[in-house]
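There are 2 protein chains.
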Amino acid sequence: MGENVAVIGVGHTEFGELWDKSWVELVEEAGLQALQDAGIMKGDIDKFFLGNMSLGMFGGQEHTASKVFSEIFKGDAESEVLGRRIEGACSSGGLALEASFNDVLAGAHSGDDKIIMAGGFEKMTDKPTDQATKILSAASDMGKELGFTFPALYGMLKDRYIQETDAEEEDFDHIAVKSHKNASKNPRAQYPFEVTHDKVKNSFRVASPTKLLNSSGIADGAAAAIMTTEKKAKELGSNYVLLEEVVGVNDSIALFEREDVLTLVSTKKAAKRAYKSSGLTPADVDVAEVHDCFSIAEALALEDLGFSPKKEVWKWIKKSLSGCEDKEAPIPYELPNNSELYVNTSGGLKAKGHPVGATGIAQAVEVTEQLRGEAGERQVPGAKVGLTHNVGGSGGTAVVSLLRKP
Amino acid sequence: MGENVAVIGVGHTEFGELWDKSWVELVEEAGLQALQDAGIMKGDIDKFFLGNMSLGMFGGQEHTASKVFSEIFKGDAESEVLGRRIEGACSSGGLALEASFNDVLAGAHSGDDKIIMAGGFEKMTDKPTDQATKILSAASDMGKELGFTFPALYGMLKDRYIQETDAEEEDFDHIAVKSHKNASKNPRAQYPFEVTHDKVKNSFRVASPTKLLNSSGIADGAAAAIMTTEKKAKELGSNYVLLEEVVGVNDSIALFEREDVLTLVSTKKAAKRAYKSSGLTPADVDVAEVHDCFSIAEALALEDLGFSPKKEVWKWIKKSLSGCEDKEAPIPYELPNNSELYVNTSGGLKAKGHPVGATGIAQAVEVTEQLRGEAGERQVPGAKVGLTHNVGGSGGTAVVSLLRKP
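From first to last, the protein sequence lines stand for chains A and B.
Residues in the first sequence are numbered consecutively from 1, following the numbering used here.
Residues in the second sequence are numbered consecutively from 1, following the numbering used here.
Among these hints, one or two may not hold up.
A pair counts as met if it fits within one copy or between any two copies, since identical chains are not told apart.
What the hints assert, rightly or not - The calculated lysine-lysine pairs, modelled on DSBU-like cross-linking and capped at a C-alpha distance of 35 Å, are: (1) Lys319 / Lys276; (2) Lys201 / Lys114; (3) Lys134 / Lys384; (4) Lys21 / Lys269; (5) Lys311 / Lys42; (6) Lys134 / Lys201; (7) Lys74 / Lys276; (8) Lys268 / Lys114.
Simulated from the structure, these hints should not be mistaken for lab results.
Let the hints inform the model, and build the full structure from the sequences given.
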């Protein structure tokens with residue numbers, strides 16, 4: 001059992017327009033919450049991996065791991081904490097989770113029970129929304145030169161999906177209704193209010209057929225998760241969950257280089273490997289936090305993660321979520337490969353918020369709390385297995401993790 | 001011997017104002033050179049770590065590992081190469097070297113002989129020099145808000161050094177003379193011309209006492225190094241050198257938070273650990289590529305790396321390098337802890353060039369070629385042990401590696 005990885009503490013700031021806090025204060029807040037939750041001290045951390053997409057473009061600061069070391073860890077006398085920043089656009093947090101997981105495993109193989117913190121943050125709202133949208137296009141292929149924005153890129157995917165299937169545009173709007181409903185039970189959410197299907201359907205077209213209420217917003221926030229070996233977690237008496245696997249996979253950054261734009265090959269491969277190495281299947285998953293930067297992205301994710309055959313999930317979305325305005329959160333999907341799957345109980349990127357570098361870690365925080373039975377009004381009864389799914393760009397990178405109640 | 005790491009191939013573009021090449025073409029050029037040098041194919045690579053400080057601010061593009069995957073690796077049919085970007089300002093390359101080294105070791109511990117490529121690049125000259133200088137200040141503590149530039153920060157260190165010792169400003173100018181002399185023998189160098197001591201002494205004051213010819217310039221370039229286990233290197237019949245250790249250490253990002261600004265604690269600790277774990281000492285080192293972004297930085301590095309007691313190296317610089325205009329390159333130092341040390345035979349950051357994210361890898365390329373006896377006119381006879389030293393900011397991060405001829 002010495003080579004199992006355990007998440008022993010998590011932290012998560014409020015997501016939103018947090019103009020009264022600096023980025024480093026947000027990282028500190030999430031990090032200290034995670035330390036407190038784990039019941040350990042700063043100096044117990046061996047290393048941290050920090051996911052951030054672009055504080056350079058958002059705030060003119062790089063070398064953030066050194067700054068975090070200075071502000072948070074250096075005071076701790078002889079502490080020799082190491083800090084490294086990882087960047088993979090909106091999957092930066094997921095890649096920090098992956099690097100941390102790999103580091104714990106590598107330590108375990110040489111008999112060293114390391115304690116690693118995975119952190120992620122973004123500070124986006126200091127820029128006006130149009131500038132922030134331009135900065136985010138740096139995650140796509142030559143976004144600056146080609147002038148594509150992500151609402152447009154995902155709009156193209158939605159258009160194509162509608163062309164290739166019998167789905168109608170408004171089928172996807174149910175997803176936003178469900179996510180807002182879930183977010184209304186999440187005190188950390190950026191948009192903790194409910195929306196009706198009509199409201200989503202009639203919302204402003206940002207880049208048709210992507211509408212405002214199909215889209216995640218611009219947000220500030222940070223999240224942190226501390227992990228070590230299960231052996232060490234037991235020694236520490238932690239209230240832990242097992243991190244069974246974290247797999248990050250690359251694909252072409254540009255949509256036009258893909259054989260089938262409606263398949264995110266990176267997601268598909270990452271999921272396949274994660275299921276294989278953990279021995280789990282889509283049917284085993286009780287809760288999933290998936291990368292719903294736009295409504296169509298949640299639909300595609302459900303297919304690529306194996307919960308539905310390709311080009312069929314829209315039927316199940318319609319069936320599961322029609323009229324969900326009147327149901328109580330959290331609201332499950334019924335899917336062909338999973339009879340009751342709770343997706344984005346946190347509210348997801350759509351309604352909890354998407355400070356991009358934080359997202360991959362924030363997803364792991366939500367799933368950890370669900371598996372510990374501490375998700376409050378969002379709690380999925382008896383949740384035993386959880387999945388996170390974090391995408392960079394429109395699938396140039398995808399990271400899938402599987403977590404399990406011990 | 002299965003856990004020794006071997007560098008089996010290296011690549012290095014010309015450094016300079018390369019306006020006719022895109023950043024991804026530079027990365028491809030260095031990467032393909034390294035593959036050819038190693039005698040392996042793209043698909044043999046398991047993973048690459050890409051060091052880059054800020055293509056976001058320099059060129060509006062993030063998610064660079066995905067782009068490199070798309071352009072270089074994806075064509076290779078079923079290749080499952082993974083790409084990750086690491087950022088630690090000017091030490092991004094060194095951190096990619098460290099991540100690659102750790103990944104080979106981790107694989108070896110679980111019986112997997114991975115082949116990893118460490119790459120680094122920067123594309124800086126598309127911006128005017130004043131804008132590039134501002135972008136680089138993102139590596140310092142709140143550089144944007146405080147208005148510090150690196151010529152100014154290192155100027156403060158030089159001033160302080162002169163105040164605390166009997167060194168004179170012009171003592172440091174010998175370093176630039178030596179580095180340009182070395183660069184004149186390096187076909188990849190940005191500034192492959194010689195300069196006299198008088199010319200350095202009388203050059204324009206960029207941020208007094210930092211003069212133009214004490215400073216590295218703004219450059220484009222990329223470098224790559226492929227590594228695996230020594231066992232695998234032997235199987236492949238590679239002409240390899242051993243990478244004994246790579247250690248990256250953090251310190252406070254701001255100078256004012258340090259007990260003694262004239263000691264880069266990150267360099268000192270990284271060197272100490274690298275020497276300890278490899279069993280090597282400063283006296284064993286034949287060639288060293290150190291982070292001479294400014295002349296004072298090379299002097300401080302020689303002290304912090306253990307080649308001279310603190311605050312004394314200026315005497316040895318004066319003694320070793322006075323009148324070196326008239327000597328043949330490469331020109332060694334005589335130092336109290338190393339009787340003949342060749343430093344920055346490549347020309348260093350000063351004269352070979354400093355495309356910041358490439359530097360940490362480029363240093364390893366130079367040392368590898370020296371240890372293989374392939375450094376041409378710059379060859380240090382009988383070089384057996386080499387060191388690289390790569391700094392982020394003004395010491396918020398430092399990475400030290402030790403290499404050895406097998």
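Have a look at Lys201 and Lys114 and pick one of within, between, both or neither, based on CA distance no larger than 35 Å. For Lys201 and Lys114, neither the intra-copy (49 Å) nor the inter-copy (51 Å) Cα distance is at most 35 Å.
Checking Lys134 and Lys201: alpha-carbon separation at most 35 Å within a copy, between copies, both or neither? within (25 Å within a copy, 45 Å between copies)
For Lys268 and Lys114, with the copy left unspecified, which applies at a CA distance of at most 35 Å: within, between, both, or neither? both (31 Å within a copy, 24 Å between copies)
How do Lys21 and Lys269 come out at 35 Å by Cα distance, when the copy is not named: within, between, both, or neither? between (38 Å within a copy, 33 Å between copies)
Can you tell me if Lys319 and Lys276 fall within 35 Å by alpha carbon in one copy, between copies, both or neither? within (30 Å within a copy, 64 Å between copies)
Please work out whether the CA atoms of Lys134 and Lys384 approach to 35 Å or closer within one copy, between two copies, in both situations, or in neither? neither (40 Å within a copy, 50 Å between copies)
Between Lys74 and Lys276, at a C-alpha cutoff of 35 Å, which is it: within one copy, between copies, both, or neither? between (40 Å within a copy, 23 Å between copies)
Treating 35 Å as the Cα threshold, decide for Lys311 and Lys42: within, between, both or neither. Classified as between; 34 Å across copies, 48 Å inside a copy.
In this structure, the hints that do not hold are numbers 2, 3, in rising order.
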